[in-house]
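*Asks:* As given, the protein sequences belong to chains L and Z, one line each in that order.
Residue 1 is where the first sequence starts when you use the working numbering, and the numbers rise one by one after that.
Residue 1001 is where the second sequence starts when you use the working numbering, and the numbers rise one by one after that.
Keep in mind that the hints were calculated from the coordinates and are not lab data.
Source: prediction; values computed, not measured.
Among the chain Z residues that face chain L by a calculated CB cut under 7 Å, a handful are: (1) 1015; (2) 1016; (3) 1047; (4) 1050; (5) 1061; (6) 1071; (7) 1082; (8) 1087; (9) 1091; (10) 1098; (11) 1102; (12) 1109; (13) 1110; (14) 1117; (15) 1135.
Below 30 Å or equal to it, Euclidean Cα-Cα: the simulated BS3-like pairs (lysine-lysine) are: (16) Z:1085 <-> Z:1168; (17) L:20 <-> L:213; (18) L:20 <-> Z:1163; (19) Z:1188 <-> Z:1167; (20) L:163 <-> L:188; (21) L:85 <-> Z:1188; (22) Z:1188 <-> Z:1163; (23) Z:1213 <-> L:20; (24) Z:1020 <-> L:163; (25) L:85 <-> Z:1085; (26) L:188 <-> Z:1085; (27) L:20 <-> Z:1020; (28) Z:1020 <-> Z:1213; (29) Z:1020 <-> L:213.
Okay, the calculated bits of chain Z under chain L, using three or more residues with CB under 8 Å as the criterion: (30) 1017–1028; (31) 1054–1060.
Beta carbons: idealized from backbone N, C-alpha and C, even for Gly.
2 protein chains.
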Amino acid sequence: MSQSSPVEVHWHKHSITRQKREQLNGHTGSVIWFTGLSACGKSTIANLVDCRLHAMGIHSYLLDGDNVRHDLNAGSDVLAERHEKPFAERFGLGFSAQDREENIRRVGAVAKLFCDAGVVAIAAFISPYRIDRNRVRGTLADGDFVEIFVDTPLDVCEARDPKGLYKKARAGLITDFTGVNDPYEVPKNAELVLQGGEGSAESLADEVVAYLKASGKIG
Amino acid sequence: MSQSSPVEVHWHKHSITRQKREQLNGHTGSVIWFTGLSACGKSTIANLVDCRLHAMGIHSYLLDGDNVRHDLNAGSDVLAERHEKPFAERFGLGFSAQDREENIRRVGAVAKLFCDAGVVAIAAFISPYRIDRNRVRGTLADGDFVEIFVDTPLDVCEARDPKGLYKKARAGLITDFTGVNDPYEVPKNAELVLQGGEGSAESLADEVVAYLKASGKIG
Chain L
1 MSQSSPVEVH
11 WHKHSITRQK
21 REQLNGHTGS
31 VIWFTGLSAC
41 GKSTIANLVD
51 CRLHAMGIHS
61 YLLDGDNVRH
71 DLNAGSDVLA
81 ERHEKPFAER
91 FGLGFSAQDR
101 EENIRRVGAV
111 AKLFCDAGVV
121 AIAAFISPYR
131 IDRNRVRGTL
141 ADGDFVEIFV
151 DTPLDVCEAR
161 DPKGLYKKAR
171 AGLITDFTGV
181 NDPYEVPKNA
191 ELVLQGGEGS
201 AESLADEVVA
211 YLKASGKIG
Chain Z
1001 MSQSSPVEVH
1011 WHKHSITRQK
1021 REQLNGHTGS
1031 VIWFTGLSAC
1041 GKSTIANLVD
1051 CRLHAMGIHS
1061 YLLDGDNVRH
1071 DLNAGSDVLA
1081 ERHEKPFAER
1091 FGLGFSAQDR
1101 EENIRRVGAV
1111 AKLFCDAGVV
1121 AIAAFISPYR
1131 IDRNRVRGTL
1141 ADGDFVEIFV
1151 DTPLDVCEAR
1161 DPKGLYKKAR
1171 AGLITDFTGV
1181 NDPYEVPKNA
1191 ELVLQGGEGS
1201 AESLADEVVA
1211 YLKASGKIG
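Next comes chain L alone, as it looks inside the complex (with noise of 0.2 Å):
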C-alpha cells in the first residue's frame, strides 16, 4: 500500500445494518402491497393506512402511480424529453405484458431498499399477473412481504370508474386494460383479503392496521 493512498487503510465496510435502522425508526421494515383491479379501492385504503401508521409515529412510505409514473417507471414518451429516442423506447414503460413485468419488478426492488432502510413501504399498484407479485415476494425475507388483495368485483369497479378508463377500455380506446381485455391474477396466498365492495375505505384501512398489528409487523 503506497502511502499515497491513505483511504484505503479504512477499506473496509461499516454499514449500518438493517437491524439498526430499524432500532432507529422502533419497528421492523416491511413491504405492504395492495393489489387488485383499477378503481378497487386500493390506493385510497393504502394512503389511509399510511396516515395511520404515520400517526402512530411509523416510518412508513406510499409507494404509488403517483409517484413513480414519471420517474422511475416513466413512460418512453416522458423519458424522452430528457433521453434520446432509443432510450426513452428501451427503458420507458407502458402496459403491455412486459412492460407491466418491469414495472412491477422495478416497484418491488425499491420496496426492498425501503424495507432495508427499516420503512414500512406500502405498494398500491394493480400488479395483475400472479408471478410477478411473488418474484417481489421471493426477493424479500420470509414474512416482509404482506400481500393484501382488495376484492372488489369487476362491475363495482366499473361502476365507479373515476377516470373513465373502463368505459374507454369497453369502446376499445384502451387495449391491454386489467379486467376488460387483459387478465387479472387472483392471489392464492394473499396474507389478508378486502372486502373493497363492502364498507367504507376506513374501516377497511382498519382491517389492515389490525391484521399489522395482530401479526406482529408494527408494535
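Following the hints, put chain Z in place on chain L, whose structure we already have.
*Replies:* What follows is chain Z alone, placed relative to chain L:
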C-alpha cells in the same frame, strides 16, 4: 354514486406530505451524491458518513452497488434467472453508455423517493457522465441535491486497485472502464470537492458532515 361502492365516498387522497414525514424524522430529506473514479474512496467515505449520520439519530440510507446491483439495476445475467431472455436483455444493465445512463437514472429516481420520505439518501456511484448527474439534479428541488466529487488522482486509484479492475482494464480484459477506456467527466459545480488522495477516509467523512451542518441540511 351507487350504494354498492362506499369506498368511493372517500376517494380523495389523504396523503402524508414530505413535510409531515420530515417532522416525524426530525430533519429534512436530501440526496447526497458521491461521484468519482473506481477506488477513489467514495463508497468508503459514504459509508462513514452514513455511520456518522445514524449516530446523530438522522434517518439516512446508503445506495451503492452493493444494494442495487443484484436487484433494481441487475445485469441481464441476473435477470435471466427469474425472467425470460428478451426481458433480461432489454432491462438488464451492463456498462455501455446507454446502460450507465439508465443505471444512474434509476438510482436518481430512487434517491428522490427516499428524499421525499424525509430520508437523507446517500448515493455512491462512479456516475462518470456529467449529463447523467445533472439530470438527477434536475429532477430534484433546489438544494435537495448535494454533489460531492471525490477527486482522487487516477494514478492513486490505480495504485489502490483493490479488485484488480484497473489491471484488467489495462490488459484489455474490461472495456468501457472509467478512467482507462471510458471517460470520467469532472463535475463543474459540485457542492463539495474532497481531495481523495490526501487525508484519511475518516477526516474526509468529517468534512462532509461539517458541510452538511454548515449548509443546514442536517441540524
